[in-house]
Amino acid sequence: MTISGSALIIKALKEEGVDTVFGFPGGVVIPLFDALYDEKDIRLVLTRHEQGAVHAADGYARATGKTGVCIVTSGPGATNTVTGLATANFDSVPVVCLSGQVPRNMIGNDAFQEADTVGLTRPVTKHNYIVLDREELGPRIKEAFHIASTGRPGPVLVDIPKDVLVSQGTGSYPRQVNLLGYNPVSKGHSGQIKRAAAACARAKKPLLFIGGGIPIAGAAEEVKIFADKTGFPVISSLMGIGGISCRHPLYLGMLGMHGTYAANMAVSECDLLVGVGVRFDDRATGELDKFAPEARIIHIDIDPATIARNVPVEIPIVGDAKTILQELNTRIEKTAALKPWQDKVKKWKQNFPPTCGLSPDVAADQESPPARLDPGEVLTEVGRIFPDAVVTSEVGQNQMWAALFYPFREPRTWITSGGLGTMGYGFPAALGAQIGRPDLRVVAVSGDGSLQMNIQELATAVQESLPVVVAILNNGYLGMVRQWQEMFYRRRYSGTRLMPDASYGTGEGSGIGYPDFVKIAEAYGALGLRARTMAEVKQVLLQARENKSGPTIIDFQINYEANVWPMVPPGAGLTEMVLEDSHE
Amino acid sequence: MNNNVLSLLVKNHQGVLARISGLLSGRGYNVESFTAGPTTGEGLTRITLVCRGDDTFIDQVKKQLHKIIDVIKVVDLTDRPTVSRELALIKVAVKPGERGELFQIADVFGAAIKDVGIDSVILELTGDSSKIDDMVLLLDRSILELARSGLVSMERGRKNKDKNNRRMENGNN
Chain A
1 MTISGSALII
11 KALKEEGVDT
21 VFGFPGGVVI
31 PLFDALYDEK
41 DIRLVLTRHE
51 QGAVHAADGY
61 ARATGKTGVC
71 IVTSGPGATN
81 TVTGLATANF
91 DSVPVVCLSG
101 QVPRNMIGND
111 AFQEADTVGL
121 TRPVTKHNYI
131 VLDREELGPR
141 IKEAFHIAST
151 GRPGPVLVDI
161 PKDVLVSQGT
171 GSYPRQVNLL
181 GYNPVSKGHS
191 GQIKRAAAAC
201 ARAKKPLLFI
211 GGGIPIAGAA
221 EEVKIFADKT
231 GFPVISSLMG
241 IGGISCRHPL
251 YLGMLGMHGT
261 YAANMAVSEC
271 DLLVGVGVRF
281 DDRATGELDK
291 FAPEARIIHI
301 DIDPATIARN
311 VPVEIPIVGD
321 AKTILQELNT
331 RIEKTAALKP
341 WQDKVKKWKQ
351 NFPPTCGLSP
361 DVAADQESPP
371 ARLDPGEVLT
381 EVGRIFPDAV
391 VTSEVGQNQM
401 WAALFYPFRE
411 PRTWITSGGL
421 GTMGYGFPAA
431 LGAQIGRPDL
441 RVVAVSGDGS
451 LQMNIQELAT
461 AVQESLPVVV
471 AILNNGYLGM
481 VRQWQEMFYR
491 RRYSGTRLMP
501 DASYGTGEGS
511 GIGYPDFVKI
521 AEAYGALGLR
531 ARTMAEVKQV
541 LLQARENKSG
551 PTIIDFQINY
561 EANVWPMVPP
571 GAGLTEMVLE
581 DSHE
Chain B
1 MNNNVLSLLV
11 KNHQGVLARI
21 SGLLSGRGYN
31 VESFTAGPTT
41 GEGLTRITLV
51 CRGDDTFIDQ
61 VKKQLHKIID
71 VIKVVDLTDR
81 PTVSRELALI
91 KVAVKPGERG
101 ELFQIADVFG
111 AAIKDVGIDS
121 VILELTGDSS
131 KIDDMVLLLD
141 RSILELARSG
151 LVSMERGRKN
161 KDKNNRRMEN
171 GNN
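Line by line, the protein sequences are chains A and B. Per my numbering, the very first residue in the first sequence carries number 1; after that it's consecutive. Per my numbering, the very first residue in the second sequence carries number 1; after that it's consecutive.
Hints are supplied without guarantee of correctness; some may be wrong.
In silico lysine to any residue, SDA-like type, Cα no more than 25 angstroms apart, as pairs [stated by the list, open to error]:
(1) K11/B <-> N183/A
(2) K11/B <-> V177/A
(3) K142/A <-> G43/B
(4) K11/B <-> G119/A
(5) K11/B <-> L46/A
(6) K91/B <-> T35/B
(7) K187/A <-> D59/B
(8) K548/A <-> L46/A
(9) K11/B <-> V185/A
(10) K142/A <-> V16/B
(11) K11/B <-> H146/A
(12) K11/B <-> R152/A
(13) K11/B <-> K290/A
(14) K142/A <-> L44/B
(15) K142/A <-> F57/B
(16) K11/B <-> Q176/A
(17) K290/A <-> T35/B
(18) K11/B <-> L120/A
(19) K290/A <-> F57/B
(20) K142/A <-> G15/B
(21) K11/B <-> R122/A
(22) K11/B <-> L180/A
(23) K11/B <-> S149/A
The hints are simulated quantities; they were obtained by calculation from the structure and are not laboratory data.
Isolated chain A, as found in the complex (with noise of 0.2 angstroms):
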């Protein structure tokens, strides 16, 4: 029996388990659409932008560890992805993304939304294919969720041209790929993990370290495991969040250009430091030469790539982090030796926690307009309020105070954009994610310069009625950017302001900022409600609590000029943080 190439893809998701699409439709996937109206264990999500779709999907893969789809049309729907699948790339994310593309006798001619999608999209995908055979369709999409969501996961885009869509074919789906390349490995040297485990034993400074491969392997257990039975202190990547519980007693938060005090001071004092899913990113090592000078390293990653790319390494191990972790603790044990070190982590962990405020020059400065919220007390509030959200985050500020002060407890409960650092990723993202996990709520962690760049996505959210909860830590600045004006450019804050001088300060109109959000919200048909002082903080959370119909836009309107406290100065190795009350 013969059917369609769109049939034969409807099929195929279904086969590989697919429950959502977010998608966006254009001229030459209208027949894919049609094959989707008809199809009801299939939810078809209308974003408003492709970009918007990509990133949706990216969330509901990272929340759930399921394979996340998307459909864009060609030419600009095609191009509008380019963005979401460098997010999802970076950050190792399974998503599969089908594109249309125009009939295949009009490739090459300049046709009427045309694009090379391949050729665009190639450095920013795992692997991608233009399918120009109908018979190899069915092959290639069996591929594409196969190389997606196995090894280092991340995204597969398949370009569809339109008449492939139509014309009739095989109707079957293979069950096995066949790719001579490709076989990741998941098991670890055996023999490297034995000199693993008895770099372990010697240490008497040990630390682990944990990245986004910990959640992706579904690590978790095996991490909490390792740092009870050996009780080496433990930090993480911004990626590695949720990878084990913040209130561990070991857990001293996240390394790098902002992480906590605890966490800078212990690698850079540690003599062993065991990296696993990690790929000592520049934000997370600080100046390399600075990184961990009294530390051997063992690094366990999935992806040979990344091993000893960017520090010296003693015991690589490639593999899969679960299946290493697991093999790793049934070698190890305590060290009794430990407790001097474990009590000196724990005292930077007690004395220096992150703090979020002006800069003492700043705060004295005649002209700085009266204190607002401070966002490190708004975002507890918000941990206690939702104690077990998943929490996505934009880009910049919102990032690094969500990333410090939100309990994380849980994988898979923080979701942001950690190596593209895309803003405009978080909004959509946590549309995907609430998709994902109905059974959770999700709150947006969100600044008013990021929301703005895909504020479009709450017209899905109020048409899919989801309770998504977004928390705008509004300081009128694209504030990241002006931290670093402030530190390093004498306060010129060139091209970071957002609100007209009117909104600013205590001026005409202070107070609600610029553009109105709650009014936004309301135009949307979302619920929009404003925050000034810390009562109001805790009574709109607990609205937001309630509505559970549809999204909720909260204005918080923080200090103009709040901080991300610690901060290592660019180019600094990681113990030269600056902290709220260390510079002058």
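Guided by the hints, dock chain B onto chain A, whose structure is given.
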């Protein structure tokens, strides 16, 4: 910093050369030469790459090449006994009465004379890259046109046939 020779076995899928050259340029790797051609395995292509860099750099190049799904095998031939050859076509300006000296030089280098025109001659020279460099240097001023194939290289001794060889030399994807 020295020249490193990598031999790649790749699936001859649409765009595979663009994938490889895109990776090299996108990551800022400098390539001295790049040759590609079909091999005995069905749908397989052999690529010989020459690039300059230290060991850490070459290690990273190899690992990144491995991550390309269509790359089946990456072999580093740099420190192995190999046969390495490059072919050059050299068009030399020479007047009818002066060909004798050129033919003598060609003879010394083992270059074949492939075309004789009124005032030019095309030589074909095969050898390792330094031999070609030497001849180019010698004929420098009279060269009208030069086309070099880039290096092809093969390890000495018996090896598995391309079509059966699934072994990965350098880790995995």
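Verify the proposed pairing of K11/B with V177/A, using a straight-line Cα cut of 25 angstroms.
Between K11/B and V177/A the Cα gap is close to 15 angstroms, so the pair holds against 25 angstroms.
Compare the distance between the alpha carbons of K91/B and T35/B with 25 angstroms, and conclude whether the hinted pair is satisfied.
Roughly 22 angstroms separates the two Cα atoms, so the pair holds.
When you check the alpha-carbon spacing of K142/A and F57/B, does it fall within 25 angstroms?
Given pair K142/A, F57/B is violated - Cα atoms ~35 angstroms apart, limit 25 angstroms.
Could you grab the alpha-carbon distance between K187/A and D59/B and see if it respects the 25 angstroms cut-off?
22 angstroms, holds
Between K11/B and R122/A, is the straight-line Cα distance small enough, at 25 angstroms or below?
It holds: about 16 angstroms lies between the C-alpha atoms, which stays within 25 angstroms.
Need the status of pair K290/A, F57/B: alpha-carbon distance at most 25 angstroms?
21 angstroms, holds
Run the distance test for K11/B versus G119/A: straight-line Cα separation, threshold 25 angstroms.
18 angstroms, holds
Please work out if K11/B and K290/A have their alpha carbons no farther apart than 25 angstroms.
Violated: K11/B and K290/A sit about 43 angstroms apart, past 25 angstroms.
Hint check: K11/B vs N183/A, CA-CA at most 25 angstroms. Holds or violated?
15 angstroms, holds
Taking 25 angstroms as the top limit, are the C-alpha atoms of K11/B and V185/A close enough?
Satisfied, since the Cα-Cα distance of roughly 20 angstroms is no more than 25 angstroms.
Within a Cα-Cα threshold of 25 angstroms, do K142/A and V16/B meet the stated pairing?
20 angstroms, holds
Pair hint outcome, K11/B versus H146/A [Cα-Cα no greater than 25 angstroms]:
18 angstroms, holds
Going down the numbered hints, you'll see the structure goes against 5, 13, 15, 17, while the others check out.
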